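J.: One-letter residues, chain by chain:
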Amino acid sequence: MITAEQKPLNEIIDYISPYDRILLVGCNECVTVCAAGGRKEVGLLASAINLHCLQQGRTIEIKEITLERQCDPEYVEELVSEIDRADAILSMACGCGVQSIAERYKEMPVFPAVNTKFMGASISQGIWAERCQGCGDCLLGITGGICPVARCSKHLLNGPCGGTSNGMCEIAPDVDCAWCLIWERLKALGMEKRYEEIMEAKDFRPAGGGGPRKIVREDLSL
Amino acid sequence: MENFEPEIVAFCCHYCAYTAADMAGSKRISYPANVKIIRVPCTGKVDAIHIMKAFEKGADGVYVAGCLEGDCHFKNGNTRARYRVEHVQKILEDLGWEKERLAMINMSAGMGERFARTALEFTEKIKDLGPSPIKITNTDKHHKTIS
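Chain order of the listed sequences is U and F.
In terms of the working numbering, the first sequence opens at residue 1 and continues consecutively.
In terms of the working numbering, the second sequence opens at residue 1001 and continues consecutively.
Be aware that a few hints might be false.
[What the hints assert, rightly or not] Facing chain F, a subset of chain U residues (Cβ under 8 Å, in silico):
id: 1; residue: G43
id: 2; residue: L44
id: 3; residue: S47
id: 4; residue: A48
id: 5; residue: N50
id: 6; residue: L54
id: 7; residue: Q55
id: 8; residue: T59
id: 9; residue: I60
id: 10; residue: P73
[Stated by the list, open to error] In silico lysine-lysine, BS3-like type, Cα no more than 30 Å apart, as pairs:
id: 11; chain 1: U; residue 1: K7; chain 2: F; residue 2: K1036
id: 12; chain 1: U; residue 1: K117; chain 2: F; residue 2: K1099
id: 13; chain 1: U; residue 1: K63; chain 2: U; residue 2: K40
id: 14; chain 1: U; residue 1: K40; chain 2: F; residue 2: K1090
id: 15; chain 1: U; residue 1: K63; chain 2: F; residue 2: K1135
id: 16; chain 1: F; residue 1: K1090; chain 2: U; residue 2: K117
id: 17; chain 1: U; residue 1: K117; chain 2: U; residue 2: K202
id: 18; chain 1: F; residue 1: K1135; chain 2: F; residue 2: K1027
id: 19; chain 1: F; residue 1: K1027; chain 2: U; residue 2: K63
id: 20; chain 1: U; residue 1: K7; chain 2: F; residue 2: K1057
id: 21; chain 1: U; residue 1: K40; chain 2: F; residue 2: K1135
id: 22; chain 1: U; residue 1: K117; chain 2: U; residue 2: K106
[To be verified] Calculated Cβ distances over 12 Å to all of chain U for the following chain F residues:
id: 23; residue: R1028
id: 24; residue: S1030
id: 25; residue: Y1031
id: 26; residue: P1032
id: 27; residue: A1033
id: 28; residue: P1041
id: 29; residue: D1047
id: 30; residue: M1052
id: 31; residue: L1068
id: 32; residue: H1073
id: 33; residue: V1088
id: 34; residue: D1094
id: 35; residue: G1110
id: 36; residue: R1117
It is worth saying that the hints were derived from the structure and are not from the lab.
Quick caveat: nothing in here was measured; it's all calculated off a predicted structure.
Using N, Cα and C, we set each Cβ at its ideal position, and we do this for glycine too.
I would like the entire structure built from these sequences, with the hints used as guidance.
T.: Okay, structure coming up:
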């Protein structure tokens, strides 16, 4: 999923300070799962903004809405009935959601309330870690299901480097050495031979090096 | 502000703090009437939004009173409550409020005296901190309107 974290409250308040009627829009997908911009977080942020405004002696009208998905035009359309009653939109979705709203409602200022972080997996309750960088050419089939692009600090394809120490990366004592994990996994699977195959330099154009990416499925388009 | 009588909301677990309040009553131990008790089945049921709404509606202080650490009737509800209290304390600090306006307190069902003492101490603490920043603003506005 796409992970995110709420922006500092003062940054959010600065964005919306010129406006009196705010449409605060959450998203029921990734940001709900990582507890950054779901219905619950929308309620908490609205309450915090309200407290701030009450303290300033001003009134603010905050309409809370959580869409099924902010990155799909069908759901973004649901804001049509509310848009006239707002001066600005504050979105708690990832960057994709914020941009979908900005594109649909061109006359309306849209501000992000979260910082979009990375594509990650849940490690345990409340902990998420990066697992994929969307390189566009998945290597997991030859690295034992552990991604060196996302999990090696240097994105090495033929690791490890000299910075590995007792299975950990030199950048921090709590960061696993991805290549150590890959070796252990290949060994457990009896696939050590794979480790000896030298990987050629990776083409990073599908990873974004070739400009903004797009998927076109003609069989699905209307 | 003279004669300030704070409004305090206490979310009390049915299995400990609420029973402790009952115990205080049975023992005729008085505690400040400023504390308004809300009984919850477990402090793990108290969400961050409940605490925020209490402040929004004008509470000067809020505390969540749950079972002793390790003694939660539902295993770890009081631990969850403590994390949530810390989360809301962080929001209050971001807003420029004193985080001491919110507290997590632990006690057992038999601690009637502790319940009364806690209510008294927390009320005194909030009296020292003064009214909620919302009320200060409203009072200022009121004074300006009159003058």
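J.: Holds or violated: is the Cβ of R1028(F) farther than 12 Å from all Cβ atoms of chain U?
T.: Holds: least Cβ distance 38 Å, greater than 12 Å.
J.: Is the nearest CB of chain U more than 12 Å from the CB of D1047(F)?
T.: Violated, since 8 Å does not exceed 12 Å.
J.: Would the non-interface assignment of H1073(F) survive a Cβ cutoff of 12 Å against chain U?
T.: Check passes; 21 Å lies beyond 12 Å.
J.: Report holds if the minimum CB distance from Y1031(F) to chain U is greater than 12 Å, and violated otherwise.
T.: 28 Å, holds
J.: Per the stated criterion, does the least C-beta distance between S1030(F) and chain U lie above 12 Å, as a non-interface residue requires?
T.: 32 Å, holds
J.: Would you check whether the claim that D1094(F) is not at the interface survives, using Cβ distances to chain U and the 12 Å cut-off?
T.: 4 Å, violated
J.: Given L44(U) as an interface hint, is its Cβ closer than 8 Å to any Cβ of chain F?
T.: At about 6 Å, which falls below the 8 Å cut-off, the nearest Cβ of chain F leaves the hint on L44(U) intact, so it holds.
J.: Does the CB of I60(U) sit less than 8 Å away from some CB of chain F?
T.: 12 Å, violated
J.: Quick check on the hint: P73(U) CB to chain F CB, less than 8 Å?
T.: The hint is violated - P73(U) has no Cβ within 8 Å of chain F, the shortest such distance being about 30 Å.
J.: Decide if the proposed pair is consistent with the structure: K117(U) and K106(U), CA atoms, cutoff 30 Å inclusive.
T.: 26 Å, holds
J.: Over 12 Å to the closest beta carbon of chain U is the bar; see if V1088(F) clears it.
T.: 8 Å, violated
J.: Please verify that the nearest CB of chain U lies beyond 12 Å from L1068(F)'s CB.
T.: 23 Å, holds
The structure fails to meet hints 8, 9, 10, 11, 18, 19, 29, 30, 33, 34 from the earlier list, while all remaining hints are met.
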